[in-house]
Amino acid sequence: MNNQDLQQQLLEAFKTESEERIASMFLNLTALEKSTDTKNRDKMLEIVYREAHSLKGAARSVNIIPVETLCQEIEALFSKLKEEKVTFTPTLFDTLHHAVGVIEKYLSTPESERHTVEATIGELTDTLSVYKQPENGSKSPGPETQQTNETPIDLEQNSIVEAPAQAPAPAHPPASETPEIVKPVENAGPSRLTKKSPSRSWFADTVRISTAKLDSLLLKAEELITLKQILNQHLNQIQDTRNFIKKWKKNSEKSKKELREIRLQLDNNSLLDHFFQLYDINHTQIEETDSKINDLSTSVEQSNRLLGGMVDDLLDEMKKTSLLPFSTLFSILPRMVRDIARDLGKDVDLELSGGDIEIDKRILEGLKDPLIHLIRNAIDHGIEMPDTRKLKQKSPWGKIRLTVSQPENNKVEITLSDDGKGIDVNAIRKKAIKSGLLSDTQADELTDDEAISLIFQSGISTSPLITEISGRGLGMAIVQEHVENLSGLIFISTEPENSTTFKIELPVSLATFQGIIVSAAGHDYILPVAHIEHTIRIDPGEIKTVENKSIISINGQPVSLIALSDILGLPHQPLPDIKSKKFTLLVVILGSGEKRIACIVDTVTNEQDVLVKSLGKQLLRIPNISGATILGNGQVVPILNVNDLISTSSGKSISLAMGKKIDMKKKEIQKSVLIVEDSFTSRTLLKNILESSNYKVTTAIDGEDGFQQLKRGNYDAVISDIEMPKMNGFELTRKIRETETLAEKPVVLVTSLDSREDREKGIDVGADAYIVKSSFDQSNLLEVLKKLV
Amino acid sequence: MTAKPSQNDPMTEQILKHRAQRLAKPISDENTYVTKMTVVKFRIAHEIYALALKRIRIIHPLKSLTFIPGTPDFIRGVINLRGEIISVIDLKVFFDLPDQEFTNLSQVIILTSDKMEFGILSDEILGMAEISKNDIHLSLPTLTGIRADYLKGVTGNGIVVLDDEKLLTDEKMCINL
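As they're listed, the protein sequences go chains A and B.
Heads up, the first sequence is in our numbering, so the first residue is 1 and it goes up one at a time.
Heads up, the second sequence is in our numbering, so the first residue is 1 and it goes up one at a time.
By construction, these hints were calculated from the structure, which means they are not laboratory data.
Check the hints yourself; a few may be wrong.
In silico EDC-like cross-links for lysine to aspartate or glutamate, where the CA-CA straight-line distance does not exceed 16 Å [what the hints assert, rightly or not]:
no. : chain 1 : residue 1 : chain 2 : residue 2
1   : A       : 617       : B       : 96
2   : A       : 549       : A       : 566
3   : A       : 220       : B       : 84
4   : A       : 34        : B       : 9
5   : A       : 228       : A       : 301
6   : A       : 228       : B       : 165
7   : B       : 54        : B       : 165
8   : A       : 39        : B       : 13
9   : A       : 617       : B       : 114
10  : A       : 617       : B       : 117
11  : A       : 617       : B       : 84
12  : A       : 399       : A       : 339
13  : A       : 617       : B       : 171
14  : A       : 39        : B       : 9
Let's have the full structure, built from the sequences with the hints guiding it.
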C-alpha cells in the first residue's frame, strides 16, 4: 500500500500552498503596519485574516496540529481586530510577525525535529490568546504580562525587515536567500535547534503559470498543425505542376524528334529552319523550367519536413506541459474509500498503482467523476459485508485495485477491479425485462457479455435498494457518456463471487481526435470515430417501417434509421425506392452512451486527425455542431455532435407521435404521493418540493394515519419519515408490504438516521429507497421518485 | 493653490487617479468627431452602404464559404481567415430586404469587438470616404422597418451609414441555440 506516498503528495501540495499564504501574510502584515489609510487597512486586514483561515484549514487537512492551533489563534485575533475590539500596537505587530515566522520555521523544519519548535508555538498561542481578550481597560495587554516572550519577539524583528522584501517576489524566492528568513527565527527560538535547515527542499523547483495562459499557448501550438497541413497541400500542388512540366518536356522531346525527321525529308527550307530555332529555344526553356521546379520541389519538400518535425516537436512539448500525473487524482481516493466503506460498515483496502503516469489535464478532470462513481459502486455493490466475506472464505477486508498503465505512447489504460461478489448477469436480464428494455426471448438470447454491458443502459441497477450513493441505475450510463466524451472506451468483465473489473482506455491528449469525413446533401461533415460503432451498406429492402419511423436491425436489435441530411434540416432527400434492388445505402451506426441511431450518409472517407476549432465569437452554440476543423486545403468542415444528433433525431420522431405524448403528460401531472411525516416543518417542506414538481400531494401525520389514508385513497408512491409516534416508518413499510392491495406500492424512506443497521432494516421491511436527510436535496428525492413512479 | 500636496497623500492620489480615469475614456464619436468620420463604402445589390473604419478588422475576398446547418438564415456560413473560423452574415437577409437575388457577394468586411466578431458580405468595396456627421440624416421615409434600428442614417447622396456598435452588440447577432 502506498499510503505513505499519498500522504507525501498531500504534504507537497500543502507546502506549496502554505508557502504562498505565508508570503502573502508577511507582505500584508508589513503593509498593514505602515498604512495609515483606514480603507486600505481594512482591505489588507481582510486578506491576512483569510490567509490565516485558509492556512488553518489546509494544516488541518494534513494533520499538522500545532500550525492549525496557531493559525486558529491568529485568525481569532484578526477577527477581533476587524471588529475593532482590539487596537493595533507595535508590539502586536511584532507578535504577529513572529507568529507567522514561527509557522514558516516550523514547516521548514524536518518532521523529526519539529517538536523543538512546538514549544515556541505553544507560547505564542498563549500570547495571542491574551491579545484576543476584550479590552478591559488595559490598552496594551500581552507582552508586559508575558515577559518570557519579549526577547524572542525583539530578535524576530531582524527577520521581519527581510521577509517583506522577499514576499513581493514570486512565490519561490531563490533557495540561497531562504536561510536569511529562517536564521533569525532559529536564533529566536527558545529551544536549541540544529543548524541544518532543509530550506532548499522547501522551495520547489517549479513555476506556477495560470492554466489559462498555458491553454492559450497550447491552442496556438495546435494551430500550427493547420499550417503544416496547408504546406503539405502546397507541396502536392508543386509536385503536380512538376509532373505536368515533365510530361510537357517529354512531349516536346518527342515532337522534336518528329520534326527532325520532317526536316530530313524537306531539305533547305530556311523558313523551316527559323521555326526550328524558335522551337529549340522553347524546348530549352521547358527544360530549364523543369529543372527549376525540380529544385523548388525538393527544397519545399525539405522545408516541409523540417517544419513538420518542428511543429510536431513543439506540440508534443506543449502537450506535455499540460499533462498531470494520475497521482493528483489518486490523492483524494483513499480517504473517500475509507469514508464510504465505514459508512456502509465494510472494510476496504484500496491499492493504487501507476500514479506517475501523466495524462492531459482536461482528461484527468473529466475522469474524476466517473472514476469516483465506479469506486462507489464497487464498495456499495461489489464488496460484501465482512461477515459474508468470512463465510465465503475471503479476507474480511475487501480489496479495490486501481491500476493505471500506458500500453502505448498515446494511450492510457485504467483498470479498476474489486474482489467482491461480481455482477449477477441473470439479475440484469430480469431487470432489463422488468424495465421493458428487452422481451423474455431477447433476454435469453443475449450472451453473458452482452447482458453485462446492459448496465451501461440507464435504469438498470442490480442494487435492490436506492440510496444516495447508488442503485438508481443512472450512474453507469453517465459514466459511459463521460468516458466517451473524453474519446475513451469502457469495458466491463465480471466473475461471479470473485471480481468485477472495469477497463477504461483513454488517449493521453485531447487536442486532436480521430474523425471521418462524411457527406450529406452535398456538404461535408466530420464525425468523431469514438462515437461510430461501424459503417455498413444496407439493402433498402432491409428497412422496416414502424409507426412512421424507419428501422433497421443491427445484430438483431432494432435501430432507428434516419438520413443525416434530415437530422440537420438540409434539403430533403427521400429514401430511394425499395424496389430498385441494386441500390445500397451507406449507413453509419452512431452511439452515445446507451443510445444508438443509424444514419444514412452519401459518402465516407478515411479516418484522420481532427483539430477542433470554435466557430467564432458569433456562433456560441449551434445544435448538432460542436465546432469545426480546417482541412489541409483550407476547407472548413463542421464537426458533428453525436449526442445532439441522437436527441434531435428522437425529437423528430416524437413530433410524429405528438398526440400520444400530450396524453402522457396529462397523466404525469396526476401522479399522487402520500407524505407521512410527523414534523410540521418537514411535512411542509416536502409538500412544497413535490407540488412544485407537479405531484399531487396528500399528507399524513404519523404511520397509522398514513396507513389508513393509503387504504382509502389511491397513491402512486409513499414517502415516509422513520421516527414517528404511534407507528414508525419501518412498521408502516412492513404493513404496506403485508397488505395485498398495497404490496407493490413504492415506498421511499426519508430519515435522519444514517446508520447501516437502519439501512438494512429498510431493505428488510421492503422499502424501495432510503434517503438520508443530511444528504437530502430536492433533486435527489425527485430523481428517486421519478424513477419509482 | 498654496502648498504642494504631499506625494503620498492618499486623498490627492485618489483624486488624480479619478481624474486620469475620466480623461482616459475612449474617444467617442459624439464628442470628438463632430464633423467627420472615416468610413468604408461598399455595395450590396443596388445600395451603397458605409461602415465606420474603427471596428473593421480586415476586408477579405470571399473564397469559400462553409454552410453551418441549424443557424438562422442570415448566417450564410463560416470562412477560414488565416486559420481562424469566422461566421459571415448577409445583411439583405438580416434586414429582410427584397432584391436579394441581385447580389454577387464577393467581399467580406470583418467587424470586431471584444465580445463579437463576424463578417458582413458585400458585392463590391468602393473605397474609403470621409463623411460629415452633419450630412447624415436620420428620418428618411425609406428607412422604416427592421433596418432602421441598425442605421446611423443616410447621407445626402444616398449612402446608408450602418451603426457598427449596434450591429456588434445586438442580441439577435449572438447565436446561442
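Hints versus structure:
With a CA separation close to 23 Å, the supplied pair residue 617(A) and residue 96(B) exceeds the 16 Å bound. For the hint linking residue 549(A) to residue 566(A), the alpha-carbon distance of about 13 Å falls within 16 Å, and the restraint holds. With a C-alpha separation of about 11 Å, the suggested pairing of residue 220(A) with residue 84(B) holds against the 16 Å cut-off. For the hint linking residue 34(A) to residue 9(B), the alpha-carbon distance of about 14 Å falls within 16 Å, and the restraint holds.
For the hint pairing residue 228(A) with residue 301(A), the CA-to-CA distance comes to about 12 Å; that is within 16 Å, so the pair holds. Using a Cα cut-off of 16 Å, the hinted pair residue 228(A) and residue 165(B) is violated, with the two alpha carbons roughly 37 Å apart. For the proposed pair residue 54(B) and residue 165(B), the alpha carbon gap of about 10 Å is at most 16 Å, so the pair holds. The suggested pairing of residue 39(A) with residue 13(B) holds, with an alpha-carbon distance near 14 Å, which does not exceed 16 Å.
For the hint linking residue 617(A) to residue 114(B), the alpha-carbon distance of about 9 Å falls within 16 Å, and the restraint holds. For the hint pairing residue 617(A) with residue 117(B), the CA-to-CA distance comes to about 6 Å; that is within 16 Å, so the pair holds. Restraint check for residue 617(A) and residue 84(B): the C-alpha separation of about 11 Å stays at or below 16 Å, so the hint holds. Proposed proximity of residue 399(A) and residue 339(A) is supported: the alpha carbons are some 15 Å apart, at most 16 Å.
Taking the CA atoms of residue 617(A) and residue 171(B), the gap is near 13 Å; set against the 16 Å cutoff, the hint holds. Using a Cα cut-off of 16 Å, the hinted pair residue 39(A) and residue 9(B) holds, with the two alpha carbons roughly 14 Å apart.
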